[in-house]
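2 protein chains.
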Amino acid sequence: MEVSIGISNRHIHLKEEEYKILFGDEELTVCKPINQPGQFASNQFVNLKNGDRIIEHVRVLGPLREYNQIEISKTDARLLKLDPPVRMSGHLEGSAPITVIGPKGEIELKEGCIIADRHIHMLPEQAKEFGLEGVETVSVELKGEKGGIINNVYLRVAPNSYFEMHIDTDDANAHLVNQGDIGIIIK
Amino acid sequence: MEVSIGISNRHIHLKEEEYKILFGDEELTVCKPINQPGQFASNQFVNLKNGDRIIEHVRVLGPLREYNQIEISKTDARLLKLDPPVRMSGHLEGSAPITVIGPKGEIELKEGCIIADRHIHMLPEQAKEFGLEGVETVSVELKGEKGGIINNVYLRVAPNSYFEMHIDTDDANAHLVNQGDIGIIIK
Chain A
73 MEVSIGISNR HIHLKEEEYK ILFGDEELTV CKPINQPGQF ASNQFVNLKN
123 GDRIIEHVRV LGPLREYNQI EISKTDARLL KLDPPVRMSG HLEGSAPITV
173 IGPKGEIELK EGCIIADRHI HMLPEQAKEF GLEGVETVSV ELKGEKGGII
223 NNVYLRVAPN SYFEMHIDTD DANAHLVNQG DIGIIIK
Chain B
73 MEVSIGISNR HIHLKEEEYK ILFGDEELTV CKPINQPGQF ASNQFVNLKN
123 GDRIIEHVRV LGPLREYNQI EISKTDARLL KLDPPVRMSG HLEGSAPITV
173 IGPKGEIELK EGCIIADRHI HMLPEQAKEF GLEGVETVSV ELKGEKGGII
223 NNVYLRVAPN SYFEMHIDTD DANAHLVNQG DIGIIIK
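Residue numbers (my numbering), protein chains in the order written: chain A, 73 to 259; chain B, 73 to 259.
Isolated chain A, as found in the complex:
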């Protein structure tokens, strides 16, 4: 079956405490809602730093969360000389350390930097309809001149989800996939 593709560029999720250190009194404001209900791209940006390596202008995603999490691609990781693990959102134990710089302050995180796993958001009723109840991962075919099949795509089945596959910019650029393109779920 077909699934629409959302491409996640590098971004950061922040807790309230760390947000205040980085941004002071500046409010976290909505630039644009994203497809997952309640989530948004904000107008706030940070820089990511490791040693003498820096990536500038990394967007904060809102709303604020219960954990600090930085999602980057392997290409970004090589630039920063970091070796983040591939992880599901929120599973941060032993993930990579990173320094985050905001307009008002700087924080050194001992962990929090990951490469996000490939995943598909889906409602429980959709998992049932698609015959995917209890399935942990699927493969997804990507068409095109540099197409292929990507493995280990995790299913995130939850109420209040928007049905969509999230891949990072490395997966998208390797396969010449654009935002909103279609993948084919292979059980």
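Bear in mind the hints are in silico, worked out from the structure with no lab data behind them. Wrong hints could be hidden among the right ones.
The list treats identical chains as one, so a pair stands whether inside a single copy or across any two.
In silico DSS-like pairs for lysine-lysine, Cα to Cα no more than 27 Å straight-line [said to hold, decoys possible]:
no.: 1; residue 1: K87; residue 2: K121
no.: 2; residue 1: K104; residue 2: K153
no.: 3; residue 1: K153; residue 2: K215
no.: 4; residue 1: K121; residue 2: K182
no.: 5; residue 1: K176; residue 2: K121
no.: 6; residue 1: K87; residue 2: K182
no.: 7; residue 1: K259; residue 2: K215
Given chain A's structure and the hints, the job is docking chain B onto it.
Showing chain B alone in chain A's frame:
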């Protein structure tokens, strides 16, 4: 069957005329031989430019060729705001324009910038041995945590080849593949 993987970072091939404009009297010198016989990574570097976008420190591959060709990834292309086609080496008609800056001069190429196609170098006797005579493309399985299958991998069957698959940094980073890792050729 198994094939060793070589990862091609962005690089440039130059004709003698353009090399001299960029480098003057400086000789093209060998930094390190690469696996394809006679080819080498040189000690010479250029910058790539399009409008106000620049990528610095791009290596010249030697020896000099009969055409100027710049091979970049889609990630690089987005940074440079270019839209190069996926092409086989030397097939440059209608490929992307780009400006190349050397220590002694600068050239504006009307075409020459491509995303190299995925390909496997192989001897004629190997193509025969593997049952791949006359086959144009194969798919290749990449193992690992972000593994998958890449399609449209072109066979380059020629004498004096070193058996190896070449993919770009986007394909490698998307699949967390390192230089010298093994892929499985699927007919």
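Going down the list of hints, with the structure as the test:
no., hint, verdict
1, K87 to K121, "within (19 Å within a copy, 39 Å between copies)"
2, K104 to K153, "between (31 Å within a copy, 23 Å between copies)"
3, K153 to K215, "between (32 Å within a copy, 23 Å between copies)"
4, K121 to K182, "within (13 Å within a copy, 37 Å between copies)"
5, K176 to K121, "within (15 Å within a copy, 34 Å between copies)"
6, K87 to K182, "within (15 Å within a copy, 49 Å between copies)"
7, K259 to K215, "both (17 Å within a copy, 18 Å between copies)"
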